[in-house]
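Let chain Y serve as the given structure and place chain A on it in line with the hints.
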Amino acid sequence: MNEMIQKAKEFGDKLYYSFFRHGFDNTGLTKSKIMFSNVLLHIQPVKIHKRSVKFKTTMGLGLITFYLFLILSVTGVLLMFHYVPSTAIGPDGLPDAYSRMLNLRSNVFWGGFLRNMHRWAAHGMVAFVALHMLRVYLAGAHRGGREFNWVIGCILGLLTVFLSYTGYLLPWDQLAFWGVKVGTEIAKIAPGGALIRGILLGDSDVGSEALIRFYVLHVAVLPAVMGFLIAVHFFRIRKDGGLARPADTSKEKQIPDEEFGEVKNNSVFKSARSYKLVEIVKGNEPKVNEETDQMMFAWPKLIIRELIVLVGVVAFLSLISVLFDAPLEGPADPNHPTNPSKAPWYFLGLQELVSYHGFIGGIVIPGIMAGGVMFLPYIEIFMETFTKTYRKNIPGVWFARERNLENALFIGMYLFMLALIIIGVYFRGENWAIIYPWEPTVGGGH
Amino acid sequence: MPKEKKEGKSRRELITMGSAFAVMGIAAAGTGGALFKYMFPVVSYGTPQKFLVPVADLPDVGDELIFEDMKVVLRRQSESEIAAISLVCTHLGCTVNRVETGFQCPCHGSQYDTDGLVVGGPAPKTLAWLEIKSVPGGQLEIDTATSLPEGTFFPAA
Chain Y
-9 MNEMIQKAKE FGDKLYYSFF RHGFDNTGLT KSKIMFSNVL LHIQPVKIHK RSVKFKTTMG
51 LGLITFYLFL ILSVTGVLLM FHYVPSTAIG PDGLPDAYSR MLNLRSNVFW GGFLRNMHRW
111 AAHGMVAFVA LHMLRVYLAG AHRGGREFNW VIGCILGLLT VFLSYTGYLL PWDQLAFWGV
171 KVGTEIAKIA PGGALIRGIL LGDSDVGSEA LIRFYVLHVA VLPAVMGFLI AVHFFRIRKD
231 GGLARPADTS KEKQIPDEEF GEVKNNSVFK SARSYKLVEI VKGNEPKVNE ETDQMMFAWP
291 KLIIRELIVL VGVVAFLSLI SVLFDAPLEG PADPNHPTNP SKAPWYFLGL QELVSYHGFI
351 GGIVIPGIMA GGVMFLPYIE IFMETFTKTY RKNIPGVWFA RERNLENALF IGMYLFMLAL
411 IIIGVYFRGE NWAIIYPWEP TVGGGH
Chain A
43 MPKEKKEGKS RRELITMGSA FAVMGIAAAG TGGALFKYMF PVVSYGTPQK FLVPVADLPD
103 VGDELIFEDM KVVLRRQSES EIAAISLVCT HLGCTVNRVE TGFQCPCHGS QYDTDGLVVG
163 GPAPKTLAWL EIKSVPGGQL EIDTATSLPE GTFFPAA
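In order, the protein sequences belong to chains Y and A. Taking our numbering, the leading residue of the first sequence gets -9, the next gets one more, and so forth. Taking our numbering, the leading residue of the second sequence gets 43, the next gets one more, and so forth.
Stretch-level coverage of chain A by chain Y, calculated; a stretch enters the list once three of its residues show a Cβ under 8 Å from a Cβ in chain Y: (1) 77 to 84; (2) 110 to 118; (3) 129 to 135; (4) 160 to 168.
Calculated from the structure, these hints are not laboratory results. These numbers were taken from a predicted model, which means no experiment stands behind them. Positions of the beta carbon are idealized from the N, C-alpha and C atoms, including for glycine.
Next up, chain Y with everything else stripped away, as it sits in the complex (with noise of 0.2 Å):
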């Protein structure tokens, strides 16, 4: 009998160590170990920063972001198994694509949760993206050799855009129709507009070539852009040394060692952090034996408070997705505009720009917008080569005093965007006429 328990302990174990290459005691290799013989964990770094996981740092902004991209990724293939991008008019009377849409609230088991959940992530992915972007200015991260990566953060913002906007289209309602093609005649004001609105419509105007169009941009082009830009994005976090912080952290209040759980170092390196050949190497990169007492084994506590904010995003999906459908009105109708017509909240700052002039309000204002916040960093090291106007940079650190003018701009450049997008979406009736939020309004709909 004995025998048996041991040979099925035996098999047990060969089971075991086939899918792991580790087991969980309490050392450091150990820790090491399931860092990075794991294909998803090893995209983190084995040994992190204390200060990385405080909730002040990041506040997870950027990991939302990207959660927010997964169940997006999830969702958007889901519903894809129950959509046809058509505009033919089926037996029902209505175009394909929209029939497809009610066919999801309405027939398919859990068609209109998904699609909830699709729309609702949508939104707060570009809000999400907006907040990590502020935080990350404010928290002066997109200096000290960030500077691309801010670059690559802007790029893979106006990609969420982008994606947005393209999935506008794709129920082929009133709302999705109008929001576009307002969105693209915007872009027949730009020089060379006219080309790339014919590029992205496929036609002289939104129509069925159009979906296909944003369709295929949607589903494949784009997500796949973003998803190589997301890598590098990661990638470059980790070869700029984790997170940005001071040089000098010591003086810090970190969480205390006790609550990471104690650590036996079996190892014959009295450093925590060994790089080995690496460290007899000349050079200053890879920094070696900095702030040793500053570091923490990744595995379990960043991991840990990974999964709570995954599992905190998902639920919180779920509720909204439950509590609140996704809006779908009429089937789109080119002859008959909604009053108003409203382009999705995102673009309702825009929109309202360009209801004063189309093309300062359309093209100059947001491009130099988007162009200077894209190479924000670019332009604070020229002033500061060129005008001698030497500003200390502290990165990783809140509003920092020598800052106070940059992030006072930026802070009031989001306020300005977001008072026009605030009177876009609350204060803007019939015929795009100053209302009050509590007035009633015709619009949606013919």
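For chain A alone, kept in the frame of chain Y given last:
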């Protein structure tokens, strides 16, 4: 002469690398151009630019007829004069609504008078007046791609 040798090597390298990059650059430019042409629409599947109206269907004097699909309003000024005005807003291409004072755009609030002249909102110019041609078979052909100054009337036959 190790120095000369080095120089010669780097020249050869330069030529090799240069031609390699040139070939790749030409290939990339060609592919890009071809892709652009591939993506650019050659056929329009949307509504046609021109449409026909039988003379018999013309509205009475002082009346208007709205062609929703074509986004055109046909106005009979007098027994012999007609005009066609585009309902496409000159601001961002929304379809304007016919209201008592003229035309009004629901998208960004542009306002036009009855002749399509801008009286308010962001619209940069007057609504387009369209060319009307008389074609055989007692029909009139209205071309929505034209843009004539306001007050351009055409004979009603």
